[in-house]
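Chains C and F, in that order, give the protein sequences. Note that the working numbering gives residue 144 to position 144 of the first sequence, counting from 1, and the numbers run on in steps of one. To get the working numbering, take the position in the second sequence, counting from 1, and add 429.
Bear in mind the hints are in silico, worked out from the structure with no lab data behind them. Hints should not be assumed to be uniformly reliable.
With a straight-line cut-off of 30 angstroms between C-alpha atoms, the simulated DSBU-like cross-links for lysine-lysine are [said to hold, decoys possible]: (1) F:Lys516 to C:Lys300; (2) F:Lys706 to C:Lys347; (3) F:Lys793 to C:Lys115; (4) F:Lys680 to F:Lys737; (5) C:Lys336 to F:Lys516; (6) F:Lys697 to F:Lys588; (7) C:Lys375 to C:Lys22; (8) F:Lys730 to C:Lys126; (9) C:Lys117 to F:Lys730; (10) C:Lys79 to F:Lys737; (11) F:Lys839 to F:Lys706; (12) F:Lys793 to F:Lys737; (13) F:Lys839 to C:Lys332; (14) F:Lys564 to C:Lys332; (15) F:Lys793 to C:Lys126; (16) F:Lys680 to F:Lys784; (17) F:Lys796 to C:Lys126; (18) C:Lys126 to F:Lys731; (19) C:Lys117 to F:Lys829; (20) F:Lys796 to F:Lys829; (21) F:Lys588 to C:Lys332; (22) F:Lys784 to C:Lys151; (23) F:Lys588 to C:Lys163; (24) F:Lys829 to F:Lys793; (25) F:Lys839 to C:Lys117; (26) C:Lys115 to F:Lys839; (27) F:Lys623 to C:Lys300; (28) F:Lys731 to C:Lys117; (29) C:Lys375 to F:Lys796; (30) F:Lys737 to C:Lys126; (31) C:Lys117 to F:Lys793; (32) F:Lys793 to C:Lys374; (33) C:Lys151 to F:Lys588; (34) C:Lys332 to F:Lys516; (35) F:Lys793 to C:Lys79.
Selected chain C positions facing chain F (in silico; Cβ < 10 angstroms) [to be verified]: (36) Ser39; (37) Pro59; (38) Ala86; (39) Thr111; (40) Leu248.
A quick note: this is a predicted structure, and the numbers were derived from the prediction, not measured. Glycine included, every Cβ here is placed at the ideal spot set by N, Cα and C.
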Amino acid sequence: MKRLLTAAFALLISQAALAGVKIEHWVTPSGARVQFVESRVLPMLDVQVNFAAGSTFDPAGKSGLAALTRGALDLGAGKLDETAIAEQMADIGASLGGSADTDRASVSLRTLSAKDKREPALSILKNVLHAPRFDADIFEREKARTIASLKEAMTRPDSIAGKAFWAAMYPNHPYGRQATPESVAALSRDDLAAFHARYYNAANASITLVGDLSRADAEKIAEAIAAGLPKGEAATLPAAPEKPKWSLTQLAHPASQAHVYIGLPAIERGNPDFFPLLVGNYTLGGGGFVSRLMKEVRDKRGYAYSVYSHFSPLRQAGPFQIGLQTKRSQAKDAIKVVREVLTAFLKDGPSEEELNAAKANLTGSFPLRLDSNKKILDNVANIGFYGLPLDYLDQYQARVQAVTADDIRQAFARRVRPENLITVTVAAD
Amino acid sequence: MHLKYLLSVLLAAGLSTAAFANPFETTLKNGLRVIVKEDHRAPTAVQMVWYRIGSMDEVDGASGVAHVLEHMMFKGTPNVGAGEFNKRVAAAGGRDNAFTSRDYTAYFQQVPKEKLPEMMQLEADRMRHLNVDAKEFEQEIKVVMEERRMRTDDNPQSKLFEQMNAVAFQAHPYRRPIIGWMNDLETMTAADAKAWYDTWYVPNNAYVIITGDVDHKEVFALAEKYYAPLEGRALPVRRQQVEPAQEGTRKVTVKAPAELPVLIMGYKAPILRDIDKDSDPYALEMLASILDGHDAARFNKKLVREDKVALSAGIDYDATARGPGMLYLHGTPSEGKTVGDLEAALRAEIARVQKDGVSEQELKRAKAQLIAGQVYKLDSMFGQAMEIGQIESVGLPYRKLDRMLDKLQKVSAADIQAVAKKYFNDDALTIGVLDPQPLDGKARRPAVATRH
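Given these sequences and hints, build the entire structure.
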């Protein structure tokens with residue numbers, strides 16, 4: 001009890017110290033949303049541009065298009081070929097990053113903030129966003145590399161399990177579709193250009209800037225980025241995913257360990273059930289070394305090195321997922337323990353002690369979520385892309401604190417129904 | 430520590446010299462060094478405790494014990510029950526973990542700054558008072574075996590790397606995997622772990638690094654309170670084990686379920702022992718940056734993009750270690766190309782440096798990346814603690830990180846050409862090949878060699 005009181009006290013202190021991340025938000029004249037956090041401590045600038053251009057927008061039969069389009073952006077743009085882009089970035093110590101996931105395609109830039117570094121770096125970023133060339137020979141090369149890596153992934157138990165898991169969770173939704181060597185082989189250079197023209201536009205963009213920059217400069221930079229994009233239209237979403245029926249998929253593989261995934265489509269970004277699920281899941285399998293799954297599966301029985309559960313809210317209902325790897329001969333026993341832990345948790349929710357521990361950690365660790373420009377960028381870009389309230393971070397601790405055990409039981413009852421759970425095993429005996 | 434990490438380690442130095450006193454340091458009477466780097470940008474702190482003990486200090490038959498003990502360090506003391514350590518860190522809003530390498534074992538917590546004293550108390554407690562309970566050990570050794578299955582047994586690349594090192598080193602303990610051979614894990618006992626702890630976990634074999642929004646004087650006072658009462662003890666003599674000179678190319682093949690072959694060419698390479706007097710390790714670092722420091726560096730530009738002989742190609746060189754060094758060229762051939770084709774292409778790139786050197790433009794670019802990385806590094810408190818911990822772990826003083834940066838900046842194109850001529854020597858080469866096998870265990874068509 002004494003420890004909990006101390007934790008609560010520390011919380012007050014850290015809240016006071018962290019009135020913190022001031023997010024400025026506006027919409028550019030060309031229609032792009034912008035988030036800006038001024039941080040003058042280090043002479044550097046991070047820019048991230050997100051588009052609703054992830055794999056969920058791959059047209060039917062063209063799975064892999066979003067990823068290949070994003071990957072090819074900086075392989076030749078405007079007057080710069082791929083070598084010039086990489087060399088000029090390296091010359092000023094800047095770098096481009098980003099990738100495509102299910103919902104979004106992102107392009108990010110990290111550069112020193114001095115004008116003679118920042119300006120050329122931003123100029124290349126704009127080129128990459130506005131005028132990617134998708135040269136035919138480079139496209140063919142990247143296609144071949146993608147196909148090879150997909151084939152390699154299809155030999156890995158974890159990749160096989162992950163792909164089968166998403167396919168089973170989303171049988172009739174784009175989240176469940178996977179790029180295959182065949183779907184990528186069928187893509188053409190023109191598919192990339194068309195995808196870029198449709199989705200890389202101002203209405204579909206969210207721009208986040210964090211670093212050593214004035215508001216006036218941030219406005220100029222954001223507008224220059226947005227103005228070079230077509231005005232366009234925001235992406236339209238497919239119909240919401242349906243809940244799948246309970247199923248078990250068992251796939252053979254020669255690995256020494258079985259890979260196990262259990263889950264279902266659970267919750268979308270911005271849904272108020274998120275906080276009860278977050279706090280509850282801390283006790284179930286989210287709280288690292290102190291969760292029930294960790295205690296029962298790893299500590300008591302030595303079944304697994306890693307066992308966890310988490311919610312990944314997406315634009316549309318994203319997964320609740322439990323995962324573990326265990327010696328193939330004991331997969332059945334491990335799954336039995338996981339099911340028992342989950343069933344008990346769905347029935348009773350956390351104890352008062354567990355609930356307090358979850359809150360103490362989730363609120364107490366809040367400063368650690370924002371102690372670097374990189375972390376601020378990740379958080380603020382998420383807020384911008386998913387349209388979360390601008391005071392999301394300011395409210396975070398209070399929202400966690402307000403959750404009751406009853407909220408948790410009800411939210412889990414709504415979101416994690418056993419009749420919708422799908423299980424995938426690879427290499428289980 | 431891979432090249433990219435090392436570069437950033439080297440870089441952080443510049444700004445730390447600007448504020449001369451920071452980092453601050455003290456040594457307690459029991460021999461424990463405490464290093465504090467103040468960084469007041471956010472109300473958080475990192476504590477790391479580094480023990481100068483790693484898998485290279487193990488003996489045959491007990492491989493993996495350093496790492497197993499790392500796991501046991503979370504299993505309780507007379508004051509803190511099994512599993513309680515993690516619980517207390519979590520209650521403090523913290524994150525914690527640990528890592529074991531060939532050269533060291535380290536533990537860390539990231540916490541809101543108010544919680545630092547409790548973290549110091551917890552680490553001090555387990556520095557000398559660990560229970561190595563036989564029942565806890567019995568469960569935890571199973572967890573470690575699962576970790577080995579996950580990281581190595583079912584990961585073809587890791588397996589290849591493990592086998593490569595077992596062949597490249599014959600006498601030096603770097604030949605053993607950090608996680609240990611499975612058979613050694615199966616026969617290990619709680620008594621082995623306890624003996625390891627009793628021998629090596631003493632304050633005079635450790636150092637504490639704290640970064641974050643702290644006042645070094647307060648931290649020194651806390652260190653005095655929590656760590657100073659622990660008694661130091663003389664350590665056993667560590668025998669220097671010298672790897673005999675390699676006298677001819679060695680080859681190893683690993684067959685595992687996979688689609689793509691992998692080639693690794695490992696050359697014996699020098700290690701930085703004297704920051705001021707040595708020069709070759711710096712030149713090799715810059716060479717690595719020119720070959721593989723960005724997307725249009727030589728390997729990617731020529732082998733992946735222009736000639737399409739490789740799906741990927743890279744170089745890893747770590748200039749700092751307690752033991753002997755290796756430089757690795759590695760890659761995966763493209764479809765229709767063989768590992769032989771890739772090997773020839775990698776050799777041709779090295780030969781090009783040996784014959785024609787590198788351009789001033791390439792060198793300037795690598796140095797510009799170094800300087801920028803010096804700023805980016807400061808974005809992470811954890812990274813700043815790591816950089817001090819890593820360099821100290823090999824016996825080099827973190828106060829000279831800035832000198833290392835100077836030395837890197839002074840490397841010339843001629844220096845790079847000279848090390849390219851000196852170290853890519855076939856007699857000191859070990860070649861490792863991953864020979865991919867079908868998942869169903871059936872033999873592939875006979876044309877395996879030309880399949881890729």
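Next on the checklist: For F:Lys796 and C:Lys126, compute the direct alpha-carbon distance and say whether it is at most 30 angstroms.
Outcome noted: 25 angstroms, holds
Next on the checklist: Run the distance test for C:Lys115 versus F:Lys839: straight-line Cα separation, threshold 30 angstroms.
Outcome noted: 26 angstroms, holds
Next on the checklist: Between the alpha carbons of C:Lys117 and F:Lys793, is the straight-line distance 30 angstroms or under?
Outcome noted: 15 angstroms, holds
Checklist entry - Was the hint right that C:Pro59 lines chain F, CB cutoff 10 angstroms? => result 26 angstroms, violated
Next on the checklist: Check the hint pairing F:Lys839 with C:Lys117 against an upper bound of 30 angstroms on the C-alpha distance.
Outcome noted: 23 angstroms, holds
Item to check | 30 angstroms limit on alpha-carbon distance, applied to hinted pair F:Lys697 and F:Lys588 | outcome: Between F:Lys697 and F:Lys588 the Cα gap is close to 20 angstroms, so the pair holds against 30 angstroms.
Item to check | Hint check, C:Ala86 versus chain F [nearest Cβ-Cβ separation less than 10 angstroms] | outcome: 3 angstroms, holds
Next on the checklist: F:Lys839 and F:Lys706 were given as a pair; does the straight-line alpha-carbon distance stay at or below 30 angstroms?
Outcome noted: Holds. F:Lys839 to F:Lys706 sits at ~13 angstroms (cutoff 30 angstroms).
Item to check | Satisfaction of hint between F:Lys737 and C:Lys79, Cα-Cα up to 30 angstroms | outcome: 23 angstroms, holds
Item to check | 30 angstroms Cα cutoff - pair F:Lys829, F:Lys793 | outcome: 23 angstroms, holds
Next on the checklist: Tell me if the straight-line CA distance from C:Lys117 to F:Lys829 falls inside 30 angstroms.
Outcome noted: 28 angstroms, holds
Checklist entry - Are F:Lys793 and C:Lys79 close enough, with their CA atoms no more than 30 angstroms apart? => result 23 angstroms, holds
The structure fails hints 2, 13, 22, 37 and 40 (numbered hints given earlier, in ascending order).
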